[in-house]
Amino acid sequence: LSTDSLTGNPADFSIETWFYSENIVNDGKDKPIISRHSSDGATDDAAEFNLYIRNDGHLIFFMGSGNANDRRAIELDGGITSPEEWIQAAVTYEHNTGASEDTVRLYVNGQLASEGTVSFTGNSSRQGVANAPIQIGRYHTTLVDSSNAVILDANSNPVQETHLFEGHIDEVRIWNDARSLNEINEN
Numbered sequence: 010l011s012t013d014s015l016t017g018n019p020a021d022f023s024i025e026t027w028f029y030s031e032n033i034v035n036d037g038k039d040k041p042i043i044s045r046h047s048s049d050g051a052t053d054d055a056a057e058f059n060l061y062i063r064n065d066g067h068l069i070f071f072m073g074s075g076n077a078n079d080r081r082a083i084e085l086d087g088g089i090t091s092p093e094e095w096i097q098a099a100v101t102y103e104h105n106t107g108a109s110e111d112t113v114r115l116y117v118n119g120q121l122a123s124e125g126t127v128s129f130t131g132n133s134s135r136q137g138v139a140n141a142p143i144q145i146g147r148y149h150t151t152l153v154d155s156s157n158a159v160i161l162d163a164n165s166n167p168v169q170e171t172h173l174f175e176g177h178i179d180e181v182r183i184w185n186d187a188r189s190l191n192e193i194n195e196n
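All letters in the sequence shown, in the order written, are residues 10 to 196 by the numbering used here.
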């Protein structure tokens, strides 16, 4: 898979992985499994995504722009996850050429858990995050306040925050097509 598959205007892609969460603590921090976002991660128009366990134990897939003024995003909820259990998660993004909206699906343990549509057409948020690495088990971002202004420390440096996954992540696969349920279950 070339890095262009998740950059530029998103074409079809799939993300698959297995994860084992050692605990789900409601500590106010999300537990990222796989993410990609710009170094800013908060205020630009670049498309970003994050597959993570929310601080309440729900498996979530988010994809959207970081621009709060023109927010185009989708958030899918895969339901409550169980700690100390291997779970298979897969996300598919299907760009519907000629249609106004693209389809995103979240699968958990070989079953469709959630799906929705999102429109990035005509919006700069589809421009992607060409220079951003895919992060496994980590999400690093710049903090912003309620007006979307970057928060600075006493030395006028942007305040950074890192969220880490607590557990194991295995068999990460990224495909340049929207895999079918049968293809996901065959892996």
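Don't read these hints as lab results, they were simulated from the structure.
Incorrect hints may appear among the rest.
Claimed, not checked - With a straight-line Cα cutoff of 20 Å, these simulated EDC-like cross-link-like pairs (lysine to aspartate or glutamate) come out:
1. Lys-38 to Glu-103
2. Lys-38 to Glu-192
3. Lys-38 to Asp-21
4. Lys-38 to Asp-86
5. Lys-38 to Glu-110
6. Lys-38 to Glu-170
7. Lys-38 to Glu-175
Status of each hint after checking the structure:
At roughly 30 Å between alpha-carbon atoms, Lys-38 and Glu-103 are farther apart than 20 Å, so this suggested pair is violated. At roughly 33 Å between alpha-carbon atoms, Lys-38 and Glu-192 are farther apart than 20 Å, so this suggested pair is violated. For the given pair, Lys-38 sits about 30 Å from Asp-21 by alpha-carbon distance, which is inconsistent with the 20 Å threshold. The suggested pairing of Lys-38 with Asp-86 holds, with an alpha-carbon distance near 17 Å, which does not exceed 20 Å.
About 31 Å separates the Cα atoms of Lys-38 and Glu-110, which puts this hinted pair outside 20 Å; it is violated. A threshold of 20 Å between alpha carbons decides the hint, and for Lys-38 with Glu-170 the separation of about 10 Å falls inside it, so the pair holds. A hinted pair counts as satisfied when its Cα atoms are at most 20 Å apart, and Lys-38 with Glu-175 qualifies at roughly 11 Å.
Violated hints for the displayed structure, listed by number in ascending order: 1, 2, 3 and 5.
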